[in-house]
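Start from the sequences and build out the full structure, keeping to the hints where you can.
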Amino acid sequence: MSVEVLGDTLQHRSGVIGDVEARCQDVAVVHGAQQFLRCAVDETKLVEAAGGGGDWSRETAQHAIRFVAAEFVDGLPVGEAVVAAGVEQHWPLSGCHRLGSSWRINGVCGARNRCARWGREGATIFSVLVNVLVGLVTSLIGGGCVWLWERGKRARVLRRKADFFGLVPGETCFIVIGNKHGVRGVATHKEIRAMIELATLAGQLGCGVATESVDDFRGSNDDRTEFCIGGPLGEANLRTGGHLAAHVPGVSILPYGPGPESVAFVVGGRRYLFRKSEVEYALVAKFMPPQATRPVVLVCGQSSLANQAAIHFLKRNHRQVADTIDSVDRYCLLIKVADIGTYGFQGASLERDVTGDAFTVS
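Residues 979 to 1340, numbered by the numbering used here, are exactly what the sequence shown covers, in order.
Calculated directly from the structure, the hints in this document are not laboratory data. Possibly wrong hints are sitting among the right ones.
Below, computed lysine-lysine pairings styled on DSS-like, alpha-carbon distance capped at 27 Å [as the list claims (entries may be wrong)]:
1) K1254 <-> K1168
2) K1293 <-> K1168
3) K1314 <-> K1168
4) K1264 <-> K1293
5) K1264 <-> K1139
6) K1139 <-> K1254
7) K1158 <-> K1131
8) K1264 <-> K1168
9) K1293 <-> K1139
10) K1131 <-> K1168
11) K1264 <-> K1254
Structure, rendered in structure tokens:
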């Protein structure tokens, strides 16, 4: 079917037909199928206005639709061709069905149903994709918030621990290890364990660690945090004796002797007796020497076991201890180690905060 056939059909109707044919041919050549179909619709209305109508409208519709399907739409079902041209509202639905199955016509109604079905299916798929995307985004945001919260919580815990022990992440601290009682150049097994506890603590907080020998090291700690381990008796750690005398004047240690007051601590007029392997004490003092920019943490126990117990206890319980003292910048704590026969160095507890007495001249 061609434009000429449509023109021949139109010539049998009225004087208006010549103009209709010419206009439809021009539109088909210049503008293609869609404009031709729209032209056919408009010209059908002209013919109806001239007294045609009825079968004339249906016949014109048949020729126009068949022309579009055969010549321009490459076998597209005629109903879909009408929809593609955007003029389906001009054709009666029943009329489309009467055009014949040889043209694979499902009608405008079928095309609309298919479009509606495709629209519903597309909307369903789109809704599912949106829900999946929203779920993924929500999961990512929630996971990120939890991760940030946990990271912030851990950072706060580490910062509080670093403040308590006077450490600064990224800097280097050093440990001064004393000698075994009366033996220069030799450290006890428990003193080495205490040093390992401190080195582990510093590593956890991102600090480097150096060690100094009490026999060789002299001078200020300057810009490094110092951990000085061991008591001054028996020349075990003479540096501890110097720190006590210069910065912790309210603490005194009784000398070794045969009586029950041997190696007893005296703080604020009270004596804390040493009962070997039963009840022992350790003093942990933190202070800032005037010539330094970083603090000294002094661990002075009545025995090497008491030194290890004090470090272990504060490492695990620094938050609770920090809540009971006035300041973490300067303090002096008395740590009690009881039930040693049963719990060893793990039986430590905080006996007293003696900061006020320890830093006051008695």
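Each hint tested on the structure:
With a C-alpha separation of about 15 Å, the suggested pairing of K1254 with K1168 holds against the 27 Å cut-off. For the proposed pair K1293 and K1168, the alpha carbon gap of about 16 Å is at most 27 Å, so the pair holds. For the hint pairing K1314 with K1168, the CA-to-CA distance comes to about 17 Å; that is within 27 Å, so the pair holds. Using a Cα cut-off of 27 Å, the hinted pair K1264 and K1293 holds, with the two alpha carbons roughly 14 Å apart.
At most 27 Å may separate the alpha-carbon atoms for a hinted pair to count; K1264 and K1139 meet this at roughly 14 Å. A C-alpha spacing of about 31 Å is found between K1139 and K1254, which places the hinted pair above 27 Å, so the restraint is violated. Between K1158 and K1131 the alpha-carbon distance is near 41 Å, which puts this suggested pair outside the 27 Å criterion. Between K1264 and K1168 the alpha-carbon distance is near 22 Å, which keeps this suggested pair within the 27 Å criterion.
Restraint check: the Cα-Cα separation between K1293 and K1139 comes to about 8 Å, which is no more than 27 Å; the hinted pair holds. With a CA separation close to 33 Å, the supplied pair K1131 and K1168 exceeds the 27 Å bound. Proximity of K1264 to K1254 is assessed by CA-CA distance (about 26 Å); at most 27 Å being required, the pair is judged to hold.
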